[in-house]
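Peer 1: Heads up: the protein sequence lines correspond to chains D and F, in order.
Heads up: the first sequence is residues 1 to 114, going by the working numbering.
Heads up: the second sequence is residues 1 to 112, going by the working numbering.
Hints in this document: simulated from the structure, not taken from any laboratory.
Be careful, since some hints might not be right.
Result set (DSSO-like, lysine-lysine): computed pairs, CA atoms no more than 30 Å apart in a straight line [to be verified]:
#1 69(F) <-> 56(F)
#2 70(F) <-> 56(F)
#3 69(F) <-> 44(D)
#4 70(F) <-> 44(D)
#5 38(D) <-> 70(F)
#6 44(D) <-> 56(F)
#7 38(D) <-> 52(D)
#8 26(F) <-> 44(D)
#9 17(D) <-> 38(D)
#10 69(F) <-> 26(F)
#11 52(D) <-> 17(D)
#12 17(D) <-> 44(D)
#13 26(F) <-> 70(F)
#14 26(F) <-> 56(F)
#15 38(D) <-> 26(F)
As a plain string of letters, each chain reads:
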Amino acid sequence: DAMVIQNPRYQVTQFGKPVTLSCSQTLNHNVMYWYQQKSSQAPKLLFHYYDKDFNNEADTPDNFQSRRPNTSFCFLDIRSPGLGDAAMYLCATSRESGLGNEQFFGPGTRLTVL
Amino acid sequence: SQQGEEDPQALSIQEGENATMNCSYKTSINNLQWYRQNSGRGLVHLILIRSNEREKHSGRLRVTLDTSKKSSSLLITASRAADTASYFCATPSSGGSYIPTFGRGTSLIVHP
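One chain only, chain D, in its complex shape:
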């Protein structure tokens, strides 16, 4: 089945230790998104790739970076995780024509920072 896969599902890291979360998709969608979601809050968009074009949200900290080496894969790098970065990280994809289309989400990676 076509899907969005996130690895790992649970990630524990130490304060200040770089961590990378991965996302892959078999849907061949042109847009990939990374969201941060804290408990009982709305998913907050960090950045997205429209094809190869990287789009950073204005309030996304520099501590967060992303890579999209090809259509199928996208990575979220947190260079120096702080306690406040503990959250669920959601990857999503969509096939966009500029009119708005449904997003397909992965199951998320729960990040714990010790």
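Given chain D's structure and the hints, the job is docking chain F onto it.
Peer 2: Quick look at chain F alone, frame taken from chain D:
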């Protein structure tokens, strides 16, 4: 910036009852989406309604859109315990019509 706001924040009902959630937004939109999120999981798309549509159905789900009032509602009929989840509305952000912005969601609990 957060575009849509869901109401109520929490809803608790008995199995078999209907559940209604509302979403209000601030600026003109060309589409509005509803998503469901089970605890600790990713979001699942439910329905997309475009600005020229007033009502849409999908199984036990009914979504309405009133662009004059800048509001939408999601009705779940004959609810089941498995409907227990958080429900989010998503509207296009100002940065681009294809980028959805999510509200805080309505937490629905359906008691068996």
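Peer 1: Would the pair residue 26(F) and residue 56(F) pass a check requiring their Cα atoms to be no farther apart than 30 Å?
Peer 2: Since the Cα atoms of residue 26(F) and residue 56(F) sit roughly 21 Å apart, the hinted pair holds (cutoff 30 Å).
Peer 1: Within a Cα-Cα threshold of 30 Å, do residue 69(F) and residue 26(F) meet the stated pairing?
Peer 2: holds (10 Å)
Peer 1: For residue 70(F) and residue 44(D), compute the direct alpha-carbon distance and say whether it is at most 30 Å.
Peer 2: holds (22 Å)
Peer 1: Does residue 70(F) pair with residue 56(F) here, judged by a C-alpha cut-off of 30 Å?
Peer 2: Judged against 30 Å, a Cα distance of about 16 Å means the pair holds.
Peer 1: When you check the alpha-carbon spacing of residue 44(D) and residue 56(F), does it fall within 30 Å?
Peer 2: holds (27 Å)
Peer 1: Would the pair residue 17(D) and residue 44(D) pass a check requiring their Cα atoms to be no farther apart than 30 Å?
Peer 2: holds (23 Å)
Peer 1: Going straight from one Cα to the other, do residue 38(D) and residue 70(F) come out at no more than 30 Å?
Peer 2: holds (27 Å)
Peer 1: Regarding the pair residue 26(F) and residue 70(F), is the alpha-carbon distance no greater than 30 Å?
Peer 2: holds (7 Å)
Peer 1: Given the hint that residue 26(F) pairs with residue 44(D), does the C-alpha gap stay at or below 30 Å?
Peer 2: Holds, because 18 Å separates the two Cα atoms, which is no more than 30 Å.
Peer 1: Holds or violated: are the alpha carbons of residue 38(D) and residue 52(D) at most 30 Å from each other?
Peer 2: Given pair residue 38(D), residue 52(D) holds - Cα atoms ~28 Å apart, limit 30 Å.
Peer 1: Does residue 56(F) lie within 30 Å of residue 69(F) when you go C-alpha to C-alpha?
Peer 2: holds (17 Å)
Peer 1: Is residue 17(D) within 30 Å of residue 38(D), Cα to Cα?
Peer 2: Status holds; Cα separation ~20 Å.
In the structure shown, no violation is registered for any of the earlier numbered hints.
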